[in-house]
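K.L.:
Here is how the chains run, residue by residue.
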Amino acid sequence: MSDGEKGGSAHGMRVIRTPRYVDVEITAACNQRCSYCYFFDNPEVPYHDLPLGEWLSFFEELGRCGVMRVTLQGGEPFMRGDLREVISGVVENRMRFAVLSNGTLIDDSMAAFIARTNRCDQVQVSVDGPCARIHDATRGRGSFDAAIAGLKRLQSHSIPVGVRVTISRHNVGHLEETARFLLEDLGLARFGTNSAGYIGTCRRHADELLLDPALHAEAMQALVRIAGRYPGRVLANAGPLADALTWRKMLDAAGCGAGTFDDGGRLTGCGCHFTTCAVRADGVIIPCVLLAHMEMGRINKDSLEAVWNNSPVLAELRSRSSIELKDFEYCRACLYSPYCTGSCPAMAYTQSRRVNAPSPDGCLRRFLDSGGRPEDIP
Amino acid sequence: MKLDDAPVPNPVVVLREESDDWAILFNPDTSAAVGTNPVGVEIWKQADGTRSLRDIAATVARRFSNVPEGASGEVLSFADELARDGFFGVAEGAEG
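Chains as they are written, first to last, in my numbering: chain A, 172 to 549; chain B, 371 to 466.
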C-alpha cells in the first residue's frame, strides 16, 4: 500500500492536483537594499503588502489543498509586525514552513516563538562573507554583525539554520575563509551557494557584481576544492559550483561521444512548476518568485487549485521539456546540447524576454566562447 | 497492531490525493511522509476509531478487484507502518 516517492522532479510527469509547496512573499518591505537583490527594481511588479486577514484566509485554502510547506520570504519577512500571527496561520492549517531572511531583525523572543512551533524546516540567512567588510559591501553597513547575531539566536533555540552565500566580485576571492567561518566557526551543518544574476536590482550593478569568465572559473575551482574538503556540506542548485559539476560531466560526455543525457537536448532545466508555485506580496499568484511578471490569478479571489490545474502560464512552463535545444540558433551547432537542459527559465526571461528559451546563465558554450577554457572547469 | 484494533488517524496528518493512483500522507509535526496507492487511501479513510482492521480489510476486499487472499495481513502491515510513524493511534477499548 505504501510506495516510494513518485514524481516531483522528473519531467513529462503528470500534474499533481495541488502544489506541494508554496513560496509566499509575505511582504515587499525590506530594511536592506542589497545591490544584487532579485526582488526589487522589477518594473513589472507593484510593491505593496496585504493585510493579515488576507493571508490567513489564503492559508486556510492552502490547508484544504494539502500544501505541505510554505516558504515565507519577501522583502524581509521579519519586517512584518504580525509575523507571529502569519506563522500561526500556517501552523494551524497543518503545514510546515521555512523563512528566507537577511537575519538582521531576528530577536530572541522571535527565535523562541519559531522554535515553539516545531514546524520550522529552516530559517535561511544570507551571509556573503566571513567578515563585515566583505558581507556589507553588497548588503549595507552593519548588516553582517546583525545577521550573525540573528543566526546565533536561531542556533541557540535549535532552529535549523541554512545559509546562502551569493557569489559576486566582492566575495569571490574570499570563499575559503567564508566556508571556514560558516562550517567551523559557526558550526553550520552545510551552506548553499549561488551567484548574483542579471535580474532585479543587480541589473543596475552588473559591472560591479557579475562574474566574468575568469572569476567564474576562479569560483568554480575554489568551490569544488572546498566541497571536497567538506563532503556534503557545500550545496548548489545554480551558480559556479553547480556549473562546475554539470559542465565537467558535459565535457567528459562530449569528449567520449556519449549519447544524449536523459534530460539533455531539451528545456528540462526546471521542474519547479510541477510541485511549487508562488504568491507576490500583493497577492498575485505567480509560477515562481523569479517570474513575478507572469500573473496567474489573485489569492482569495481565484481558486488556487483551479489556477494550478488550468493556468495557461503553468501549461506553457510545463511544456518546456518538449522544446528541443536544436530549435535555437545558438544551440543548434553546440557540441554540448545533447547534455544540456537549458537551465533556468527565469534567467532566460530576464536576459532574452523569453521564458521558453535556454538561459545564457549556466551555458557551457557561452562560457567557452567568452574566454573560459575547458581546463578551468575542475 | 492487531486485526481487532481500531486505528485512529492522527488529526494533524494531511492526506494529499495527488492523482487517481497516488497519494501522500504527511505528518507536519514530524515531516514524515508516506506515499500510498488507492488501497492505502481507502484504509486511511476507513480508519475512524470505530472500525477494526479486520473490518477495514473486508471493506477493501469488497471495493477493489483482484484483492488476494491474505490481504488482511497487508492491511495490518500498512497499519503497523503508519502507527510506527505516528499516523495512527489505537482507540482505547476498541473491539473488533
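Just so you know, these hints were derived from the structure itself, not from any lab.
Quick caveat, the model's predicted, so the values are computed rather than measured.
Idealized CB from N, CA, C, for every residue including glycine.
Be careful, since some hints might not be right.
[Claimed, not checked] Covered stretches of chain A, as calculated for chain B (at least 3 residues, CB under 8 Å):
(1) 187-200
(2) 265-271
(3) 287-299
[Unchecked claim] Pairwise CB distance ranges (calculated):
(4) Lys420/A <-> Asp399/B: 31 to 41 Å
(5) Glu231/A <-> Thr400/B: 51 to 61 Å
(6) Asn436/B <-> Asn481/A: 53 to 63 Å
(7) Gly252/A <-> Asp399/B: 43 to 53 Å
(8) Leu373/B <-> Asp279/A: 32 to 42 Å
(9) Thr420/B <-> Arg524/A: 53 to 63 Å
K.L.:
Look at each hint and say if it fits the structure.
P.N.:
Against the structure, the hints:
For a cut-off of 8 Å, the count of residues in the segment 187-200 of chain A with a CB near a CB of chain B stands at 4, and the three-residue condition holds. A count of 3 residues in the segment 265-271 of chain A with a Cβ less than 8 Å from any Cβ of chain B is obtained; the coverage claim is therefore met, three being the minimum. Coverage of a stretch by a chain is defined here by at least three residues with a beta carbon nearer than 8 Å to that chain's beta carbons; for the segment 287-299 of chain A and chain B the count is 3, and the condition holds. Lys420/A and Asp399/B have their C-beta atoms about 39 Å apart, which keeps the hinted 31 to 41 Å range intact.
Remark: the range hint 51 to 61 Å for Glu231/A to Thr400/B is contradicted by a beta-carbon distance near 23 Å. Checking the proposed 53 to 63 Å range against Asn436/B and Asn481/A shows it is violated: the Cβ atoms sit about 35 Å from each other. For the hinted restraint 43 to 53 Å between Gly252/A and Asp399/B, the CB-CB distance of approximately 27 Å leaves it violated. Taking the beta carbon of each, Leu373/B and Asp279/A are about 51 Å apart, not inside 32 to 42 Å as hinted.
Restraint check, Thr420/B to Arg524/A: a C-beta distance of roughly 60 Å satisfies the suggested window 53 to 63 Å.
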